Each structure stands twice: as structure tokens, then as C-alpha cells.
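Protein chains: 4
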Amino acid sequence: MRANFGQHFKLTIFGESHGPAIGIVIDGIPAGTPIDEEAVARQMARRAPGNDPTATARKEADRVKIVSGLFEGRTTGAPLCGMIENTNTRSGDYAQLRARMRPGHADYAGHVKYGGFNDPRGGGHFSGRLTAPLVFAGSIARQLLGHRGVTIGAHIAAIGGIEDTRFDPVRVCADELRALQGQRFPLLDPALESPMRELVEAARLEQDSTGGVIECAAVGVRAGIGSPFFGSVESVVSQLAFSVPAVKAIEFGDGSALSGMRGSRANDAMHMEDGHVRCLSNHNGGVTGGITNGMPIVMRAALKPTPSIGRVQRSVDLSTSSDVQLSITGRHDPCIVPRAVVVIESILAIALCDLAMDDASTHALQSETI
Amino acid sequence: MRANFGQHFKLTIFGESHGPAIGIVIDGIPAGTPIDEEAVARQMARRAPGNDPTATARKEADRVKIVSGLFEGRTTGAPLCGMIENTNTRSGDYAQLRARMRPGHADYAGHVKYGGFNDPRGGGHFSGRLTAPLVFAGSIARQLLGHRGVTIGAHIAAIGGIEDTRFDPVRVCADELRALQGQRFPLLDPALESPMRELVEAARLEQDSTGGVIECAAVGVRAGIGSPFFGSVESVVSQLAFSVPAVKAIEFGDGSALSGMRGSRANDAMHMEDGHVRCLSNHNGGVTGGITNGMPIVMRAALKPTPSIGRVQRSVDLSTSSDVQLSITGRHDPCIVPRAVVVIESILAIALCDLAMDDASTHALQSETI
Amino acid sequence: MRANFGQHFKLTIFGESHGPAIGIVIDGIPAGTPIDEEAVARQMARRAPGNDPTATARKEADRVKIVSGLFEGRTTGAPLCGMIENTNTRSGDYAQLRARMRPGHADYAGHVKYGGFNDPRGGGHFSGRLTAPLVFAGSIARQLLGHRGVTIGAHIAAIGGIEDTRFDPVRVCADELRALQGQRFPLLDPALESPMRELVEAARLEQDSTGGVIECAAVGVRAGIGSPFFGSVESVVSQLAFSVPAVKAIEFGDGSALSGMRGSRANDAMHMEDGHVRCLSNHNGGVTGGITNGMPIVMRAALKPTPSIGRVQRSVDLSTSSDVQLSITGRHDPCIVPRAVVVIESILAIALCDLAMDDASTHALQSETI
Amino acid sequence: MRANFGQHFKLTIFGESHGPAIGIVIDGIPAGTPIDEEAVARQMARRAPGNDPTATARKEADRVKIVSGLFEGRTTGAPLCGMIENTNTRSGDYAQLRARMRPGHADYAGHVKYGGFNDPRGGGHFSGRLTAPLVFAGSIARQLLGHRGVTIGAHIAAIGGIEDTRFDPVRVCADELRALQGQRFPLLDPALESPMRELVEAARLEQDSTGGVIECAAVGVRAGIGSPFFGSVESVVSQLAFSVPAVKAIEFGDGSALSGMRGSRANDAMHMEDGHVRCLSNHNGGVTGGITNGMPIVMRAALKPTPSIGRVQRSVDLSTSSDVQLSITGRHDPCIVPRAVVVIESILAIALCDLAMDDASTHALQSETI
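Chains as they are written, first to last, in the working numbering: chain D, 1 to 370; chain U, 1001 to 1370; chain Y, 2001 to 2370; chain C, 3001 to 3370.
Hints in this document: simulated from the structure, not taken from any laboratory. Do not rely on the hints blindly, as some may be mistaken.
Claimed, not checked - In silico DSBU-like cross-links for lysine-lysine, where the CA-CA straight-line distance does not exceed 35 Å:
#, chain 1, residue 1, chain 2, residue 2
1, D, K65, Y, K2065
2, Y, K2059, D, K65
3, C, K3065, U, K1059
Said to hold, decoys possible - Derived Cβ-Cβ restraints for the label pairs, each shown as a range:
#, chain 1, residue 1, chain 2, residue 2, range
4, D, V312, Y, P2034, 55 to 61 Å
5, Y, G2149, C, E3206, 38 to 44 Å
6, D, R148, U, G1330, 36 to 42 Å
7, Y, H2147, C, R3171, 52 to 58 Å
8, Y, R2311, C, R3171, 23 to 29 Å
9, Y, K2059, D, Y94, 48 to 54 Å
10, U, D1175, D, V312, 33 to 39 Å
11, Y, T2165, C, E3206, 53 to 59 Å
12, Y, K2059, C, G3275, 39 to 45 Å
13, Y, H2271, C, Y3094, 46 to 52 Å
14, D, A61, U, H1147, 49 to 55 Å
15, U, G1330, D, A191, 47 to 53 Å
16, Y, G2073, U, P1034, 21 to 27 Å
17, Y, S2319, D, R148, 54 to 60 Å
None of the values given here were measured: they were computed from a predicted structure. Backbone N, C-alpha and C fix where the C-beta goes; we use that ideal spot for every residue, glycine too.
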């Protein structure tokens, strides 16, 4: 396992879907940072299940208990551990769960890796439920970034092939991003909510599921964050983004569309604007050479449809080494995309926090007294 | 900077385009591994410049000198350092290079990050030339993987909008991948070479450049490699892939197309085949839950067009804080894609090596005597 | 903070002495490992306070609740989180705790580092109470090592200047080490228990404290574990050992006494014994070139006296920037050494586990199919 | 192998004693730092062999060639690679070197770890020659620290049992440390040079060797550097110090002597002095709770005698699995201690640099704009 992420804003994730609790340890938060626990709760609620017809009926309050690292409302500088109890778990036939591999899930790959000892209840550690601790960590990262004028927001860029309009990568602003955060079904073009919901409902009725795309932006990020090579903004964001179950593609700026452009178009021309360097376009999504250039950061993550579906599927039973017909019962999300919006925002916040601190440490010996 | 990559097959990259040398230290190669230096040279030659009209005219032999970690043709278990001298460098007007920001390049972002002290000659450490050490590391990784029956190959999936056919993700095989390695302009549909070359030549004549897409596959990889969350195959591969200058999008399996599918299609049904579990389709590109499932691994990387173009561009001069018209002279690749094929293959090889060793260490206490 | 330790058996520690709980996340335990929770409890009891006149009167059950990574008695391969609730905490005058710096404690150094925001209650994250999670991690490491024939044990080598005899570094055996584990006041020469206890009691009556030395050995460790340079056995063990509050010196084998020897004596001559290479002496404590050589591993850790003492001490009040006379009230250990024996054993177990897995991963590509 | 050290001032070491070159990559040096190459050369000369009767007759200039990361005399922010060519190597009978295990050396342990593939020439990667790259890295660290008023110096605290006086841990000052740096045989009591040299010469004449102790201090280090637990100053310094071949014991402040003290003495009382908090004594060596407290940092490292001696020793031949009489020929140091003084200083400088940057990054979000 690689349960650790980050070099400065350091995460350690733990927990299983139906175990006693899930949680995360965050090491590296500056001491004395006030934590707004209501703001944390608001972010958690955006991901929490049971609140929308597109989502699973499993009800979880997803209240985070901060076990360490906080004293009188401020961080102590010691590792901050946030835990979320699993309350609404249901038992099942574990032997069958262990033997019958759900297509599209981690079941078979995980079975081989862990020799069949992985927790089979609700996907165990592979569960999408583990994104709750990431949203918690993201909510802390956003508070740190917010104090410096960074705002992050996202919208549903597509569901099942219906595409929302895209951010204007030059003019996207904090107000627009904050407004999106307040929506349960965030779209740039609100007229698309109905057809998208209908598409999801149609899938649900057919015991099927559907995927989608999330577009996320960060504004107010200064130039100079990130590194060439292994610590590029794209490298660190994508490492984290692909940690989210269901994400299968990531792009920055115009992304794959850049592959069809001429350099004369893809290059974002620069000019001086009120004494500051600015680009006239933002095909590169705010990142050049792996480093932020002061323009809005824009990225997209494509999510595959939830693999848990009620329809009969062909699969195998490892206990008998035979083919089986499988029908997954239980509570599932016909479309995970609306709940995943805050997860992708959190990913971007965490990555930017970690990279911004990296940058600071390299400058430390220039600006501080040892 | 984050010059280190990997937890087991550990890389440390160094060097600048016009400095004395570029290189890489690889720590974690098992002692006693025979290194085939001719095979290394063959991989290096696939990336080396000066061999094709689509590429820069800069001639570099890109011969790797192994400085440590090798004795009598076998690895010693100590870190292996491979160095490549820079021979064909040209001096320029550094002051101007430092002040005039090339659009689409790392120039401005790097200037802010490094306070203007980054090496301005040929892009310094940001240069695509630094992918040569990655190809070297990849050539070692491929030898390790090759002994275990893993074969990696890639083709030009698109250049400037002209798309090659795609791998059959279920039936792609070692022979097909090896055959691609032998081609200087690897395509599944060879009839596309002419139109693609014409498109590149047209861009070159207009002092412009063009991007493209590379599709890469690995076959023979056993199930069970990778981890949920931060060490998922997609996380580790993408962290490394986005280290490659110009890469702006990554997808696995059907990638972004999965976002438009129903779960009933995206889920790869499983069945028993000669006593082994196999999927009937491979929309997930050989990775589910972040872990390999025994099917071929398939990924695509989209590359933006080379930002160095001769055409006049709008930009800024930081020494005067004024707008300027910039025309980049020198030797450039009108299309980096053919040379980048081996780079993407190397990325996948390195990531799989690192993850496979991760897996081994967690099983170590089960299978070995301490 | 650097709350993470290890490259394979990876720890993340969290918690404060008077917060809701303390704990540790362990990542990298092989899936399917049976965990003997009674054996864990026995190790925890050896460190738990309130059981001996040399120790603090604070009563803590130190029962570990395993929150994740365990299913039906076996590890799942996912991160294992163990938590210990703090039950017997007492409130105090925090403002005063924050201002008045206890000599010998982390108070002042921590105040500067964390800008005064560190948790002042009971030393917060600096508390020796945080060694409880280390003992828990050590108890897991010992179970892993035990299956491979490794036994670890330690004794009180000195208290307040009274010295126990030392291990015979060639002949120390598993039975001897196991017998020591069963003792609350482990000594090689049991006749020293009375004078040592009297010395501690004398200190306690004078509201003072005393330090000591712990000698620890591991037998059954195969040759070939560890690395030259940064991953030497001594490097990894000492990094962890100096994490234990109060440890101020570490030595391996004959340690500092080696500095006064001739090479002809310090070099451990080798010979063949029943077909195996063995040393005739063990001045190097089982480690040469940073790597185990198959001989017993022997190390010693010197602990300073507990800084919490009732006697009046000169110190400063940061709220008034003035000198003060300070008398620490509350429950303290007049001598931490007996309770620290299991902590040092745990340190050695954790380090050996981590290093043994390191070794395995480098050999992985030789012995496994990727 | 674990060839990497550090989280901010990050090292990667490579090379073998008789290979083409040895070197180190340093990642994390702030861009724009002027490098004084003459100062580097002075530090390298202090460790270089062939300059003193206590040392090996092997002559090496140990000139460092900076291969990357430097442009026009200043660091670029990219990884800095320093290489040292091996010029004065002698060939030998490798087969014999591989089979006959030198007592006290890494030979046997390394043979087992690396399956006999480790480079046998001159100890390969295990050679003390690899401390040259550490001195180079230390010389860079010292320049960074020097700009902030930190001075590091050391003396020979003992050779073969003859003990120099110790630093006054409260009053040791920069001038005293700088004066020691200028000496080839640095002692606080210069009268001891003759008896110490005689003792070494006597060992040499008997084809034997002798060990010693080095005491090292750093002054001008501000309070607040380091962390509780795994990143304590003692943890990080000792991890690095035990990387140095021959080091077998480390202590901080009064070290092992603290184990015999009462708390009332070991606790360093504090008072206000010109508005600053200062300790009246410094038994803790400038570190409490793992964090610097503003007092001088004082540590000692005990080195065992060089294992390479001409005297006949009992050992084994692995090619025949038989006992042999071994006499090591070649050029050896009868006493490594004088040359190791600068190595220990370098260790302390590197560790402090790395930790100081750690501290900075945690404060980054408080003091900088993201």
C-alpha cells in the first residue's frame, strides 16, 4: 500500500467502508491555523450520501471528529487526525462477496494483490467512501488557501454524454466558483440539469449507471508553484486525482485538444497588464513547464460509470473457478458525478497546498534566519 | 524541486540542456542484474535528435556512460548513475534569453519560481532533452520487466488531428508491440505515415509546430500490481507521464470515453479461460481499483505542439516590463511526437517496475526468512 | 512535523497526551497476517503507567482499538490504525502551562517552533505517552518477526549509575530474551533490583528523578538486512530510538568503547561453524557496513532523567519575560527506565521489519513474476 | 539500498571506490545561492587522503566537478550534481577479494545482501571514500548556514583512549570553531597532539589501527528547528552520522552521562538574559524535545578503528567454505579520525539545513502569499 501522499501537506488515509471508522492524518498544517469546523461540515455535506436521487440511499452524517492536532480551535502543529464513524453499515454474505468478482470493481485485482484477505464488505478500503477523508483534508487545504486569496470551484462538465459549457479559462473568477459551490447540481448552464437528471434516472430505472466529467478551476494562485519533472503541478494533481475511484482520464487546460493544435495557437501569448504579466489566452490551463504561471488553473477529470449496477453481469466465482451470472443488490449511486464535484475540488486544493509549501521551503534559507 | 521519483525503483534526475551533462541515478535495481548496454543504446537512439525531418537538427549521440553501480556487466546493488554529455551546445545571448519570455514555455513560470536564476540556455533543466535520462532509466526497467515476460510498445495515435487506429485492448500482443519498437514512425496503420509527415512538414514550412497523441500498451503484466489511492497504477504512471514536457492529458483504457458510457458497457465482464480469470472486454485498460487485473495495460498521452516556433509571437520583456514581438530562432522539432514514443514507453516501464517491487515488499515477510 | 517513519513498514503517529486519543497508522503489513491481540495487550501492559512505584500514578488501561486494516482477525493489506483513548486526563491552568517553561522539557523549544500554539496539556504531542503507539506498532512488528524466528528482548543496563552486567553478545539467546520480557524490572543480575529501586525511591522522596540505560538484543536475524549509508541498520534504528523522549545516546555493539580499541581486537574474526559463517566475537553488535551479519544485534540507549520533578527550579515566564521559580506538580515517573524497556525493544522490532522488507523489494524482480 | 537522504535538502549518493567516479546530487538548494568553489575545495582538502602520516598513502585530489545546477556561479534551483573522479585506483585479484571476507568490514554482510555481486574493489560502495561526496554536500550546507550566522566546528575528542578536553557547551563560540577548522589535527588541548600521533604511529608500526571520538558543535542556530518524534534533531543527525562507516555510537549533550544524573542537575535551568531566554547550563546539547533551544548544539560520534589492518586475522573463504588466515595489503589509514572531523561537521551541517527548511515549509502558508 501507499497510504501516504505529499511532501509538506502530508496525508495518511485509513479505513474501510464497513469497518468502525474511516479517517486521515494530516501532517504539516502550520501551527496556530484557526479551523472553521462549520466550513468543514459544509464541504462534507456536499459529498455525503443520501441527499439526492442521483445518489445511494445509504445515509451517513459524515461528521468528522478531530482526534488530535487541534486545541482551542487552532492547529497545534502536531498531526491532525480526522475520523468519521461508519454508522449505517449492513452485513452481508462475506464468503460470497469474497468469491464472486464484481465486474469493473477492484474485487479481482484486489483479491490477487491481497491474497483474498482484503475486507470484502462494501469494497473495503477500495470504497468510494474513502473519498470522505479526502474531502476533509481538502476542506482544511481550502481554508489555508482561502486566506491567501485562492478560490476553487467545479462544475459537472458532462453526464452521460450531455456536455455543459466550459469555463472561460481567462475570465473565470472567484465569485463564479463560489456560486457553484453552493449548488447541489453545479452547472454553468442550468438548463442542462433536467436532461442530465433524466438521463441518470433512466439509467437507474434500468438498473444501470452513468459516468461524467468534472471541470475544476482555481483562481488567485500566484505564479511560481510547482516544479519541472516529478513535482509538476500536473504530476501531483493527477497522482491525487487518479486516487479517486472511477477517475480514468485527466487533462489540463485544453488537454487532449492541444494535440490537434498548431503551436502558434496553443502557445498563450503574453503581455503586460497594469504592470503584471498576463496571458491573452489560457490553453495551458495556468501551468507551463509544470509550474503555475498566474493564470487560472483549469483541469478536467473523466469518471467512469459506477460499476455497482443491478443488471445481470457475467463474472466468475473464485471459490469454484466457474463462470457465474451476477446481480449486485444493495444501495448504489446511479451517477457518482454530482457527489464527486467536491472531491475533485479537494484534490486540487490538497495538491496546491502541498506544492506551495514545497516552494516555500526551497526559499526558506533565503528569507529566514536559521 | 522534486528531483526524486519512486519508492523502490528510485530515480534522481539532474542536468541542464546546455550544461556539461545530464543524467540520472537509479537506486533499487537488484544486484546481479545483467545490463545489456546495446539494448540501452537502441532505446536511446529512438529518442536521439537529428535523425528525422520531423525532429530538431541538433545532433547528439546520447551515449550513456554508466558511472557507478555496474561491475563486470552486472549491477552491484549500489546506485546506478548514468550520464550523457552535452556535446552539441550553442551559446546565445543569455541576457536576452533571461528577459524575453517564450510563450508556451516554462520561461515565465520558471523565472518567478527561481527568481530569474534558472539556467536560460536551451530551457535549462526544463528542456525536453531531460527525457533522455528517463529513456535510459526506462531501458533498464524494460530489461527487468522483459525477463518476466512483460513487453511494452507504443504508436503514434494521432498527429495534428490525423488519428491512427487504436490497439485492440484485449488482443494486443508482444509481437505487435515489438514490431512497433522497430519503427522510426510507428503506426498501426502505415498508410497514415505520409499524410502525417506532410502535415508536420507543412507546419515546419510555416515556422509552426504540431502536437499529437501516443498510445502505449504493456502485455504480460500479472494481476495484483498497484494500490488503492495514492499508489494506484494510474496515479504513479500519470505522475511520471506529466513529468514529460508537453504532456497535457492522460487517459487509461477508454479514458474520457468511459464518461459517456453506461456501467453495463464499461464494466468488463469476466469469465474463466483455461483456468484463468480473463475479461471479455478491456474498457478499463487493464487496471481496476488502481491495480492491474491481468489484461493488457493501455494508456494514451496527449502532447501539445512544441512551443518553440519561428513565427512571430506576442510576449513580454521582463527587463523592461514591456510588450515585445518575439521570434524564436534555433533548431526545433516541428513535431516531437515520433521521438516521444519511446519516452512514454519508458514512463510506463519505470512505473510498473516501481509498483511491482512495492508489491513484493509487502509480501516479503510472508515469503522470506528475516 | 515529520510524523511519518519507514519505507515499507510505514508509521504515522498522532495524538496528544490530554486530547481525545493517541494512535498510529501502520501501512505495509502483509495482508492475511493473523494479529494476536492478546500478545499486543501484553506488550502494552509492560509500558502502561500506574503499575509500579517507579512510575507515575496516572492510570491508563492503554487498550488499543484497531480501527481499520483488520478483518476476522487478519490484516487486510489496507492501513491498520490503532487508537488508544486518553481516559485519565486532568485539566490545569493552561495559560500558566503555556507561559512557564519547564526546564529539560520541550516547552521552550516547542513554543518557539509552534509559535505558542502547541497543546500545553501534559506536554501535548511531546509527551512520553506517545510511546504507547510505538509499542503497539512494535508489537505488530514483533509478531511478523517472530514467525521468522527473531526474538527481541532488553534489560535495564543501568539506573542512576548502578550498572547491570551486559549481554554476552555472542551467546545471548532467545530463551534469555523471552525470560526478560516476563519481568517487570528486567535485569541480568537480579540482585541489583533492590539497590536500583532504593536509588529511585531516594530520588522520588527528594522530588527528583533519575535516568538509566537500556540494553536491547535481537537474535535470529539473518545476515543481509540493511544498507550502506542512509539505510544502515544503525541509521534506521537510531532515527527511531532518538524519537523516544529522553534518549540522548545510542551505541551499537561495544559502541563508544570501540573508539579506544585497536583494529586487531575490534574486528570480529570469522570462521566456519557447521557450514555457516560465524564471528568469534561480536564487538560490532551484529552489524558491519550497516548490514546485519547474522550475529546477535546488540544496542544500548541512554535515557536522561525525567525532566518533570517537584523540586524548585529556575526558569522563565514568557508571558512576562521574567525569571521565575518553578515547581512542577502532578504525577510523574521518578524513573522512566523500567517502562521504557519495551519501548526500546519496539523500536528495534520496527526498524528491523522496515529494513527486512526493503531488502525483499530489491530482490523482488529476481524472485517473482511481474 | 536507500541512497536518498532528506526531505528538503535532499541528497542522492552514488559511486564506488574504484569505479569511474563518485558523486552526489543535491536537490533543494535555493535558486540564486552563490557557491564559493574555493571554500568547497578547502573543505574537500581537509578530508582528502595522502596528506598526513595518520592517513592512507592513496593520493586523490578530490576535486569536485559540478555537473549541473550551477550557472554563472549561482545555483539554478535545479538539482546540483557534484562528481569526483577516481584517479588513483589499483587493480587487484577480484576473485580473491570476493571470496575472502575481511573482518570488521562490510564484506560478508554485503556479500549476503547483494548475492556476491557488490563491487569488491576497495570496498566498492561501502568505502569510506564515499564520505567525500558527503563533505561536498556539507560544504554547500555550511555556506547556506553561514549566511545566517551558523558556524560548525569539531575537534578530535579522543584517539585510542587519550581524551581531549570537551567543549564548554554554554560558551563555545564561532571563533573557537573556526580556529579548529584551520587545523589539520584539531584539538582543544594542543599538547595532546604528540601523544596521540605517537599512539597512531605505534599502531601503524604494528600493522594495526586505532579509533577515536569526534566532538562537534554548532553555534548560532536559532531555537525552533526540528520536530518531536521521527524528525527530532537527534534522529536526523544520527541517521546521517551512522551512515559514516566506522561510527558506532552517537551522543548529544552530556549523552550517556545523563543516564547517571539526577533530573535536578540534568535539567538546564533557564533565565532571561538581555531579553532572550537562555539556559544556565547545556547538558542537553542544545536540543530539548527533539527541537533546538537556541543553545549551542553539541554532539559526539565514536569511531571504531579502521578494519583494514596488515596483521594476520582469522577469516573465511566463501569460495571454499573454509577458514583462512588473512593479511590485508594495500594502503590504509592507521587512524581515520583526523580525516573524519570534517565529515562529522558536514553531517551536522546537512542535517540542520534539511531541518531548518522543514520548519520553514510548515510556516510557509502563514508568511507567504500562495
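**Asked** What are the numbers of the hints that this structure violates, sorted from low to high?
**Response** 4, 9, 11, 13, 16, 17
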